[in-house]
Amino acid sequence: MDELRYLRGYGERVMDQVRSLIDSGRLAEMLRDRYSAGHEVRDDKALFEYVVDIKERYMRKAEPLNKVIYDNKLHVVKHALGTHTAISRVHGGRLKAAREIRIATLFRDAPAEFLEMIAVHELAHIKHREHDKSFYQLCTHMSADYHQLEFDLRLYLTQLEIQAKSSKDAT
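Be aware that the sequence shown starts at 50, since it is given in the working numbering, and climbs by one per residue.
Everything labelled a hint here was simulated from the structure, so no lab data went into it.
Take the hints with a grain of salt, since some may be wrong.
What the hints assert, rightly or not - FRET-style restraints, in silico, Cβ to Cβ:
| hint | residue 1 | residue 2 | range |
| --- | --- | --- | --- |
| 1 | 196 | 106 | 18 to 26 angstroms |
| 2 | 177 | 74 | 37 to 45 angstroms |
| 3 | 219 | 116 | 37 to 45 angstroms |
| 4 | 61 | 194 | 34 to 42 angstroms |
| 5 | 109 | 216 | 38 to 46 angstroms |
| 6 | 185 | 105 | 16 to 24 angstroms |
| 7 | 215 | 190 | 35 to 43 angstroms |
Unchecked claim - Capping the alpha-carbon separation at 16 angstroms, the derived lysine to aspartate or glutamate pairs in EDC-like fashion look like this:
| hint | residue 1 | residue 2 |
| --- | --- | --- |
| 8 | 217 | 201 |
| 9 | 214 | 72 |
| 10 | 217 | 52 |
Yeah, the Cβ is synthetic: ideal placement off N, Cα and C, and Gly gets one too.
Put together the whole structure using the sequences plus the hints.
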């Protein structure tokens with residue numbers, strides 16, 4: 050298993066620091082200390098309201114969202130942590146787009162900051178399809194510490210994978 054697959058692309062110095070946290074067993078503790086609070090966004094209705102609230106605060110002029118749901122079919126790495134789609138349909142001679150955001154179910158139990166980060170990420174895709182400079186500027190406009198949250202989410206996913214592997218090894 051490539052235990053640092055979520056951190057590919059980061060420099061060797063960062064990778065060494067993460068390996069040190071893992072080897073010393075302090076990664077989970079560090080994440081717990083930094084992100085202890087959960088959230089109350091438990092169902093699809095609450096998630097829709099949560100994401101629309103962020104959208105209204107920062108992207109009032111963007112197209113409205115039709116659906117925001119937790120999706121248990123989204124798989125980390127294979128697919129994504131969240132998706133955004135604009136499904137076009139013909140309605141009486143007019144083309145109408147239904148905008149949907151799907152967020153991986155694992156965020157139901159993740160710290161509140163990680164849910165906010167993925168919501169911001171998917172909302173930014175409404176305006177910017179690519180992960181370019183404009184995309185990340187919008188992300189940091191909506192969440193000032195977006196880059197740190199994205200990195201810490203990668204650490205969180207790494208820790209979840211380590212815990213799953215150790216649980217599997219214990220049985």
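Is 16 to 24 angstroms a correct range for the gap between the Cβ atoms of residue 185 and residue 105? 21 angstroms, holds
Is 37 to 45 angstroms right for how far apart the beta carbons of residue 219 and residue 116 are? Given range 37 to 45 angstroms: holds, Cβ gap about 39 angstroms.
Hint consistency between residue 214 and residue 72 [alpha-carbon to alpha-carbon, up to 16 angstroms]: OK: residue 214 and residue 72 at ~15 angstroms, within 16 angstroms.
Consistency of beta-carbon spacing, residue 216 to residue 109, with hint 38 to 46 angstroms: About 45 angstroms separates the Cβ atoms of residue 109 and residue 216, which means 38 to 46 angstroms holds.
Under the criterion that the straight-line Cα-Cα distance not exceed 16 angstroms, is the pair residue 217, residue 52 satisfied? Status holds; Cα separation ~15 angstroms.
Taking the beta carbons of residue 215 and residue 190, is their distance inside 35 to 43 angstroms? Since the Cβ atoms of residue 215 and residue 190 sit about 39 angstroms apart, the hinted range of 35 to 43 angstroms holds.
Range agreement (Cβ of residue 74 with Cβ of residue 177, hint 37 to 45 angstroms): Taking Cβ atoms as reference, residue 177 and residue 74 lie about 39 angstroms apart, which means the hint holds.
Taking 18 to 26 angstroms as the hint, is the beta-carbon distance of residue 196 and residue 106 inside that range? Distance hint for residue 196, residue 106 holds at roughly 20 angstroms.
In this structure, is the beta-carbon distance linking residue 61 and residue 194 contained in 34 to 42 angstroms? 24 angstroms, violated
Are the Cα positions of residue 217 and residue 201 separated by 16 angstroms at most? 24 angstroms, violated
Checked against the numbered hints listed earlier, the structure breaks hints 4 and 8; every other hint is satisfied.
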